[in-house]
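All chains should be built: construct the whole structure from the sequences, respecting the hints.
Here the protein sequences line up with chains A and B, keeping their order.
In our numbering, each residue's number is its place in the first sequence (first place is 1) plus 10.
To convert, note that position 605 of the second sequence is 603 in our numbering; the numbers rise steadily by one, no gaps.
These aren't lab readings, by the way, just hints derived from the structure by calculation.
Please note that a few of the clues may not be correct.
As the list claims (entries may be wrong) - Calculated pairs, SDA-like style, for lysine to any residue (alpha carbon to alpha carbon, straight line, at most 20 Å):
no. : chain 1 : residue 1 : chain 2 : residue 2
1   : A       : Lys296    : B       : Phe542
2   : A       : Lys216    : A       : Ser97
3   : B       : Lys7      : A       : Glu315
To be verified - Where chain B lies over chain A, by a calculated footprint (3+ residues, C-beta under 8 Å):
no. : region
4   : 53 to 67
5   : 295 to 308
6   : 366 to 376
What the hints assert, rightly or not - Sample of chain B residues facing chain A (criterion: CB under 10 Å; computed from the structure):
no. : residue
7   : Ala229
8   : Val267
9   : Asp296
10  : Pro353
11  : Ile355
12  : Tyr458
13  : Ala472
14  : Gln499
15  : Ala540
Ideal Cβ positions, reconstructed from N, Cα and C, are used throughout, including at glycine.
Read off the chains here:
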Amino acid sequence: MSGSGAKAGNGAAAMPSAAALVLVDGSVFEGEHLGTRHEQGFASGEVVFNTGLTGYQEVVTDPSYAGQIITFTYPHIGNYGVTAADSQSSGVFCRGVVIRDLARRHSNWRAEDSLEAFLVERGLSGIGGVDTRRLTRLLRDTGALVGAFGPLEGNNAVTIEALKAAASIEPGTDGIDLVATVSTTDSYMAGSGERRIVALDFGIKKNIVEQLSRLGTVHVVPASTSAAEIMSMRPDGVFLSNGPGDPTEVGYAVETVAELLGQVPIFGICLGHQILSLALGGSIVKLPFGHHGANHPVRDNTTGEIEITSQNHNFAVDAASVADRAELTHINLNDGVCEGIRLKDGSAFSVQHHPEASPGPHDSIYLFERFSELMTDFKPIRITSGEGAG
Amino acid sequence: MKGRAEMPKRTDLTSILVIGSGPIVIGQACEFDYSGTQACRALREEGFRVVLANSNPATIMTDPDFADATYIEPLTLETLTRIIAEERPDALLPTLGGQTALNLSMELVEAGVLAEYEVELIGADAEAIATAEDRQRFKEAMVEIGLSVPRSGVAHTMAEADEIVIEIGLPVVIRPAYILGGRGTGIAHTVEEFSKAASDGLAASPISEILIEESIAGWKEFELEVMRDNADNQVIICSIENVDPMGVHTGDSITVAPIQTLSDVEYQVMRDAAFACLRRVGVETGGSNVQFAIHPDDGRMVVIEMNPRVSRSSALASKATGFPIAKIAARLAVGYTLDEIPNDITRATPSSFEPVIDYVVTKIPRWTFEKFPGTSGVLGTSMQSVGEVMALGRTFPESLQKACRSLELGQAGLNATAAEMRFDELSDDELRERLPKGTPDRLFEIESALRRGFSVDELYELSKVDRWFLDQMARISEERLALEGRSATSLGRAEWRRAKQLGFSDEQLAYVLDGADEDEIRRLRSEHGVTPTFKAVDTCAAEFEASTPYHYSTYEDECEVVEGTAPRIMILGSGPNRIGQGIEFDYCCVHASFALSDAGFETVMVNCNPETVSTDYDTSDRLYFEPITYEDVMNIVEVEKPIGIIVSLGGQTPLKLADRLPAELILGTPPSSIDIAEDRDQWADLCERADIPQPPGGTATSVDQALEVAGRVGYPALVRPSYVLGGRAMELVYNDEDLTAAMAAMAVGGSLGREGGLSAERPVLIDRFLESATEVDVDALRDSTGTCVIGGIMEHVEEAGVHSGDSACVLPPPNLSAEVCERLSAYACKIAAELDVVGLINVQFAVRDDEVFVIEANPRASRTVPFVAKATGRPLAKMAARIMAGSTLDELEAEGFVLEVSDSRFYSVKEAVLPFNRFPNTDALLGPEMRSTGEVMGIDVSPGLAFIKAQIGAGMVLPIHESGCIFMSLADRDKAGGLEAAQQLWDLGHTFVATAGTAAMLQEHGIEVLQVIDRLDQGGVNAVDLIEAGKVSLVVNTPRGRGARADGSYIRIAAGQHNVPLLTTVAAAKAAAKGMSELRHAPYTVRSLQAVHGRA
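Right under this line is the structure:
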């Protein structure tokens, strides 16, 4: 099996339709339409970028990108096709993709389909042929901007003016509880083993579930699950997942975590890290540029080790705001931003970056082991009800 | 443990020895000048005393400014031992001078020298080097950590080899141990092929050891560039995918960064494996590369090899990403950790990150098979290319086309130029037959096949080039077909942009579209607003602001070039290394950049060779990594608006553009002077006017004309095309028959056609050849006020007729009278004045019986400039650059530049290094066509000693300390001169074997001959047998003229294959005998350049 694209190589494809991406600041990017043609003619959202050289499928299927249009800075996207095993979720959460050059033919033995077919299958559209570096430089300097894109020709075509209008009314990701849109509605289980881990799903990636299930039986529960419900499951540990958007919009989850603190070992990743920090009374800051790639150096202050990490966040924890209750365990060496904390009593820890990778380096995978050790060593510090663990 | 080291910089070290890579050879080119230069600079910035050893005078690293003590001495155990005894360094950094430095460091360890003088090996220890270099140990180490490797076995004898191959099964790959660049490596599909490859490999390996491996030819090939610090932090700097599948040496493969066809899942597994590999091998700090192969159908990944040192790929990776691997490796070796070293480009971030790029980088090697008749031109597992180009584009098609036109092989891109006819003429079946073999032409043949409708799948089956790459090439073919025959005026903005984004040059578009030449195409597309935008190389895909102006062109929305603050001067580099144009010109360009920067200009470097110092982002104020073509250079001129352009320091590459660039911008000697020097009639007029004798000659554009000229000037005659460098296709002819053959060779398209061909504008030059004359090179500098100073007078060892680039030369000239030297100087300055030279000029003379004839003049920097600079202690290239930018020699003198140097008590010899060991079936004869890849220098108190040092530096293992058996076979005309050499060697106690005529001559003069050797066809004991049996320690064999292969060629080939020193001219034999004799009486000494020039 060659696993290569089915499309015949040499036949010139039909001329693509011109398309445009318009940002709320009025910037216009020319390109060509890719993927689904939406009935309303356009897609809109917050435009962000990712600098990874590989891993487009994992990024597109990562629920953390809910409400966002993802710009890939690497120009060739789609080269190795897509394969079901690499998807990080089964839903559709991002709003579209901006690409410099979509592969018209992919080539890799693992490939099951092309990226474009995958986009269509998930009802996603994109814009290709864009000067993505110009767009990235703009986003780097101004922060994420909302925008809209769509085809200027063919079925359901739109005009630049219509895109401008769409961009101006696009709410973006501020002030919206995006978690509610991505979290599972029903609990489900994964893995096996005596140990019981409850994972609060704020937009959990499939590989996190896989990594946790190596440690025991994982119960993935909706973000709205209460502390009491969680504790009633007698967990050996609680996991706070990654997820999209502004952590201050998920006050209910912050309250849940605040209640759980001290009762059960807690490990959080990304949004889960921010929610833990808020539960500790900390505050969140919006970063000037955000971190959007798979090449960020992070130092684990507890060991001095440096790990290259996968990151995707615009918000970060103000380490000073939690200093009374937690120590700073991980920092980003590029800009000193807080990448991880640990409660002084040792009962909970969290990181901003993605130890599960997918995509990205495996350097931080040890954090799951650390969670495992914590679950083994944990002695409850606070028991608020009769249902305390252990 | 990973993490941060307790102490950053080591304070227990004061002085560090760095070993360079020696002469440029195939497999080891100027990438190690780049890495060594970076390392020396970094170590000195850290306050260490740097001691440098390198035999190559053309390098920038051997400039006395880059080290505290610079030893241009042979890179041998003996020499290094003396340098260590003299300098007593605390540490030796072995990982920046290629395989040469690594091997030499291992020899120093094994001989106990490092232990005796308490020198610590930093960067990689002996154990790590041995683990990585010994294939069996490496393989065992990889298996031990759970990585997969090709099945294999190690053999030391043919019997062992046969046993192993029965177990593994054919096809197999045979690799000799401890060999750089894969020399001696071969693939065997049949038992016969196997026997030959195995015995060749056993002979080539210095320890008679070969690895026999399961063939993974056709698998996908990848490479990761890794950095590791002493706290076990590891990062990947760059990932590379080979377009050519396994089976073609990676140095001969077209490669692309980053990896294009691996999913993140696969890539991360490879990344983990690379880290595990470095950890297991035990590379303490620095850069290494790890090569992998992946089966295209099931993804099985095997580790191929790793280099525990900076490599050619590291240079490519540094240029591709902007991450300075060598500089960082040097800092890591002295104790820093990655997080303690800032990233120069962003300045805001540390070096402990993984660069990401938002463009595609393509490298294409450059070969020179046309210079080595008898080679197949088929690529294999032994590297054969002499240089490479790199190009950046936003997409693979764009970068591929830019790389194609950077090669300067008459291709303005991927075909779509007249040069494609060669491939289009092939039938479909011929293409099918050729495509499975890696060759320099395969890329262009693939395009031809795509254009005529071959499917990507069929081409994949034929070539095993991944379908993704083939499909991307098909985009180029399809675009070209869509545009073909259309009127250039009919294209709209979107169409122009689309074509330019796919990398089409204006020249290609002029070829494909109707009704417009290149200039018209430029005008039309510009009218539609389709002009290049320049993007920056920033290591981070724009995630952070970057401050280093390192640019490439593409066709996008936004141009990132920031306006300069000082007047800017553009320096055009020399493009890919090739024979005749190499590192010497990069040296000149880099020096110009330094000098002009010091003088307050902003320098703008343009070049496309990733191995060079010139393409280091901190060499010039701005770097444009671009093809050196009219279109690409003008694009930069338009955005940078320089006050001047320097075209005369980069060899022929920039010079060829001089006529078309805006005349008012060309600095220094006017381009018209070059035409005068190249144009036979104008040149003859000039010589006559200046009253300078020249050998009789004429020009011809046809065979008849040529015969007419030869009839007039007489034989022997020298025949050469105009406007080529390195004596391309130059021949010495003795009769009408020779001349007719030479003319025919030049008239056919072939290899010469790519660089010029025969035409009215480019006639063939025919000159009377002066037999037994001494050839002399003179380099001079002249300023705009007419002041002229002589840089150096070099007397060639080989007589006229051997290309000056292949000839050894001595400075100052030992055998020329003061009067002749004065006349040479006066002529050179007179010619410089006649040619209105502002800058450098090189003039070649022939001297016979105190008569001086001028042969040719080149009003530009010559190959000898760095050698002269090292020999005389004057930075000629820097001075030339300043002169071109308007300074006078008087002003330079006032600034402290030394114009005239007094006679030194030292002699310097430059010797050429030839690549015959790579082309074992080519006769190792010197001739008018240049074939050397590099050079070495020997400095000593007498010409003989300096010559011997140069010979040792060039790799000759002469019988110096003990007496040996010398095989001598001389042409009749060489017998008198040969006797002189033989006498000296006889007095030293050597014994002789000789062919009948030579033996008779020797015996007649009282030299005993042990054995008279038969001709090969006589069936008795012949020279080849003796050489193969290891009974000969020196071969002196001079050619008897042209024609079918005579015994001589077999003897010379055998000597080359068995590493027996070979002298093919009587002049060299005499010089060597003299030096060997002197060395018996004088101690072997080493001196730093600083000591030689009284600066120590």
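Hint check results:
Simply put, Lys296(A) and Phe542(B) have alpha-carbon atoms about 17 Å apart, close enough for the 20 Å limit, and the pair holds. Taking the CA atoms of Lys216(A) and Ser97(A), the gap is near 7 Å; set against the 20 Å cutoff, the hint holds. Restraint check for Lys7(B) and Glu315(A): satisfied, since their Cα atoms lie roughly 18 Å apart, inside the 20 Å limit. With 7 residues having a beta carbon nearer than 8 Å to a beta carbon of chain B, the region 53 to 67 of chain A meets the requirement of three or more and the stated coverage holds.
Counting residues of the region 295 to 308 of chain A whose beta carbon lies closer than 8 Å to any beta carbon of chain B gives 7, which meets the minimum of three for the stated coverage. Closer than 8 Å: that is the beta-carbon criterion, and the region 366 to 376 of chain A has 6 residues meeting it against chain B, so the requirement of 3 holds. A distance limit of 10 Å between C-beta atoms decides the matter here; for Ala229(B) the minimum to chain A is near 7 Å, and the interface restraint holds. For Val267(B), the shortest C-beta to C-beta distance to chain A is roughly 9 Å, which falls under 10 Å, so the interface hint holds.
A cut of 10 Å between beta carbons decides the hint on Asp296(B): the least distance to chain A is about 6 Å, and the hint holds. Against a cut-off of 10 Å between C-beta atoms, the interface hint on Pro353(B) holds, since the closest Cβ of chain A lies about 7 Å away. Checking Ile355(B) against chain A: minimum C-beta separation of about 7 Å stays under 10 Å; hint holds. The closest approach between the C-beta of Tyr458(B) and any C-beta of chain A is roughly 8 Å, which is under the 10 Å cut-off, so the hint is satisfied.
At its closest, the beta carbon of Ala472(B) sits 5 Å from a beta carbon of chain A; the interface hint therefore holds under the 10 Å criterion. About 8 Å separates the beta-carbon of Gln499(B) from the nearest beta-carbon of chain A, less than 10 Å, and the hint is met. A hinted interface residue such as Ala540(B) counts as satisfied when its beta carbon comes closer than 10 Å to some beta carbon of chain A; here the least separation is about 4 Å, so the hint holds.
Checked against the numbered hints above, the structure violates none of them.
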